[in-house]
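**Student:** Once you've looked at the hints, dock chain L against the given chain S.
Line order of the protein sequences matches chains S and L.
Counting in the UniProt record's numbering, the first sequence runs from 1 upward without gaps.
Counting in the UniProt record's numbering, the second sequence runs from 1 upward without gaps.
Treat the hints with caution; some may be incorrect.
Unchecked claim - No farther apart than 20 Å at their CA atoms in a straight line, the calculated lysine to any residue pairs in the SDA-like style are these: (1) K450(L) x V432(L); (2) K194(L) x E177(S); (3) K194(L) x D171(S); (4) K117(L) x D137(L); (5) K194(L) x G84(S); (6) K194(L) x P175(S); (7) K194(L) x P86(S); (8) K297(L) x P361(L); (9) K133(L) x A50(S); (10) K391(L) x A50(S).
Said to hold, decoys possible - Partial chain S-side listing against chain L, Cβ under 7 Å, derived: (11) F9; (12) D33; (13) I82; (14) G84; (15) A156; (16) A164; (17) T263.
Don't read these hints as lab results, they were simulated from the structure.
Every residue, glycine too, gets a C-beta built ideally from N, C-alpha and C.
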Amino acid sequence: MLAYLIRRFAFLVLSLVVALVVIFVLLRLLPGDPANALLSVNATPEQIAAARAQVGSDRPLAEQFARWAGDMVRFDLGESYISGLPVLPEVLARLQVTVPLTVLGFLLALVIALVAGVAAAVGSDRWYGTVLSGFAQLGIAIPVFWVGIILVWIFALQLGALPAGGFPRDDWETPGEALTALTLPVITIAVVMSASLTRYVRAATLDVVGSGYLRTARAGGASMAQALWWHGLRNGSVPVIAILGIELSTTLLGAVVVESVFTLPGLGNMLIDAIAQHDYPNIQGILVVSTLFVLLVGFAADIVQRLVDPRLRLSVSGNR
Amino acid sequence: MKRQLTLAATIAAAALVLTGCSSGSADDAGGADATINIGSLYEPQNLSNTGGGGQGVTEALSGNVYEGLYKLTDDGEVEPLLAADDEVSDDGLTYTITLRDDVEFHSGDPLTSVDVKSSIEAVTAEDSQSARKSSFDVIESIETPDDTTVVFTLSQRSISFIYNLSYIWIVNDAATDLKTSEDGTGPYTLDEWKRGSTLSLTRWDDYWGDAAKNAEVVFHYYTDATSQNNALISGQIDIITSVQSPDALSQFEGNDDYVVNNGSSTTKELLAFNDRLEPFNDRLVRKAVYSAIDREKLLNSIWGDYGQLIGSMVPPTDPWYVDLTDVNPYDVDLAKDLLAEAGYADGFSFTLDTPNYDPHPAVAEFLKSELAKVGITVNINVITADEWYTKVFQDRDFEATLQEHVNDRDVVWYGNPDFYWGYDNAQVQKWVAEAEQAKTTDEQTELLTKVNKQIAEDAASVWLYLYPQIVVASSDVSGYPVNGLNSQFYAYDIVKE
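Chain S on its own, in the form it takes in the complex (with noise of 0.2 Å):
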C-alpha cells in the first residue's frame, strides 16, 4: 500500500506539472497582448513598452513560463493585471460560494442517485425500473443552463418562493440566507448530475444482484433488501467510487455554468469574467485552483476504493 501511495503521489505531481505547461502555453495562444489591459485608449508606443514590460510580456516564453510557474509552486497567484488586486485572496473568497455550491449539489445528487439507481435496478423488470432509466437517459441529454433556467422561471419568477440569483452580502455570517441562495443552485447541479449517477448506480446493483455471492446469500433465507444491505452495498460501491470521484471534478466545472446562471460570485463567474478581459494572472490562478481540485479527489478516489476493497490492494501491489 505504502509503494502504491508513493507511486500515485509521483504520479500526481507529475499531473500537476504538465497541467501547468498546458494551461499556460494554451493562454499564450490567445491573440492579443495582456498588456493591453493597462493601457487607456489614448496609449503612446512608450506607454505600451512600459505596460508590456510591466506583464512580462515583452520576454521569451520560456523565461515567462519559469518566473510563472516558480511562482504556483510557492502558491504566489500574482496580482490581476485589470484591477491590480491579488488573485488568491480572491479566489479563496470565491471558494466560499463554488466549494458548497460543489459539495452540496453532489451529495444531493449522489442521494437521488442512490434511491434511484438501486430501484431501477430491483425493479428493472418493472414500469418504475424502465421510468426511473428513461428519467435518467433524459437527465443526460438536458444541458444544465436549460434545468436553471426552468427553475428560476417556476420558483423565482412565478411562485416567488425562492431568490432568481445572487448569495448574500455578509457571506455566510446568515446560514439560512446564504443556504437560501444556494438552493436552486444545488438542485439544478444534483438533477443533472444525478441522472449520470443513477445509470452507474443501476448498472453496478445489477451487477450485483446477478452475481454469485448475491445468490448464496438469498439461498441461506435473507430477503432481497438484506442480502443487498449486508454484501451489495460494499461490492456495488467499488466501481460507483471511480466513478464518482470523475463526477465530482466534474460537477465542480458544472457549476461554472450554473454560477453564471444564478449569478453566483463564485469561482466559475470569476473564470468567465477573467476570460473575457484576458487577465492571465486570474484565469491561471483558477485553473491552476480548479486543477489541483481535480488531482486531488482523484488521488482520494483511488485510495478509497483501495480501502474498500481488499482484492485491489492486494493485486495491484502484488502485480505492478
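**Tutor:** Coordinates of chain L only, in the frame set by chain S:
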C-alpha cells in the same frame, strides 16, 4: 462508507428543506431609511479611476462617493460642486478656483487646495490609465497659494477646461490603497465591495451638502441581462441602470409595477473605415456605402422602438448637435451611382473587423446583406475586444471595423489625423483646434457645428445609430437619473416609497 453517505445526505436534505422558508428582499423600509438596490452589468475592476477601474467605478462612485470641482448634471450641464467660485484671466490662460471651506473627506481631513492639486496630478501621471489624461495636457502649472485657492496656468486657451474638470474626482492626498478603499467627499461612504457580487454605499451623516434621501445604496452586479431582469421581477433590485437587451423590455412595458425610461444616450454605433486605404480614401465610396445601408431598419431590428438615427458623431445632448440624418440618405440607386462615379461600378470587397460581443456580430451580418445589393462583398472577421485594441486601434491593421463610442463631446477625434480611423481633413483639424481655443462657448459651438456638418458631408465614418439609454425601475422608486451621461449614476436623490 454507507453510514457516512447517509449522514451527508441527511445534512444536505435538511439544509435544503430548512431553507425553503425565507426568501425575497429583506429591505422593506421606505423613505429616508430605505435601501436602494440597483442592478448593473458594469462591476468595477477596482475602485480607482486612474488605475483601470473601468466604467463601473464611475457609475458607482462618481458623485456618490467622490466629487469633482464641478459636476456634469444628468442633463449635460456643468455646475460648480466643490468649487465655490472661479475666475478666468482675460487671456484665458489662468483659472483661479476658490474651494468651499466647509468640506471634509470621509476620513475627517478637511478639503484643501493641495488635495485638488494631487488629484489632478494623479490623473495626468505617467502610469495613469485615465481616459481623460490627454484633456489636461494644456496644464502648465498648478499652484496652491492658500488652503482654499487653486491656480491653474494653461499653455493655451482651453474652453473645455471647466467641463473636463467635472470628470476629476477630488481625493484626499493622504489616502492610500485607492484600489480597494476610498476617501472622497461625497454623500455616501463605501461600506463594502464584495467582488463579483455587490458594492454597497452608506449615507454619510457629515456631508457638507444636502443629505442623501436614502440610507443605503447597493449595486448588484450581473454578467447577463436575463439574470438582471429576473432580479427586478423577483424584487431583489429596484432599478436597472442601463438595459442592454431590448427583447426583455416587453416584460416591463405596459406593466404598472415598472417604469421604462427612455433617456438620452451618448453611445454611437459606428462603421469606421480606415480612411487611409483604398477604396475608403475616396469620399464617394464612403458616401456610397453610407447610402446603401437602411439604418432605420437596422436600428429597429436591434432596438425596436428605442434609440435614434444620427447623421454624425454628435448626440443631441452635445451643444453642437444639428440634425444631419438626411446628408447621406438611404438610397440604393444613389449608392450605385456614387460607386460608378468613383470607378467601382462592379463593387469591391473588404474585410470588416467585428468585435465578438453584442450588437456587433448582428450589425455585421446586416451590413453584409445590405452592401451585397450594391455589389460590395463584406468578409466578416470576428475578433475579441483585446484583439480590436491591438489590431485596429494600435496597429491600424484593418479596412473597416464596427465599434461603439460612448462619450459625449467626442466629435473632436475627427480633428486628429492620427486617430485609428485616419480621417484627414485640414479644415476640420483647424476648426477643432480653434474651437478649443475659442473665447466664448458660442464661438466654440459655431466651430464644432461646422466640424459636425463637414464630417457628415465627407462620410468620414458611417454613424449607424445612437443607442438608447433605458433605465427600468420599479414604480415605487423615483429620483434616479435617466440619462446616465458618461456612465455616471447619481443615487442620492432616489426615494423608495
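**Student:** Take the hints in turn and mark each one as holding or not.
**Tutor:** Tested hints:
no., hint, result
1, K450(L) x V432(L), "9 Å, holds"
2, K194(L) x E177(S), "16 Å, holds"
3, K194(L) x D171(S), "9 Å, holds"
4, K117(L) x D137(L), "15 Å, holds"
5, K194(L) x G84(S), "16 Å, holds"
6, K194(L) x P175(S), "17 Å, holds"
7, K194(L) x P86(S), "14 Å, holds"
8, K297(L) x P361(L), "16 Å, holds"
9, K133(L) x A50(S), "17 Å, holds"
10, K391(L) x A50(S), "19 Å, holds"
11, F9, "23 Å, violated"
12, D33, "6 Å, holds"
13, I82, "5 Å, holds"
14, G84, "5 Å, holds"
15, A156, "5 Å, holds"
16, A164, "4 Å, holds"
17, T263, "5 Å, holds"
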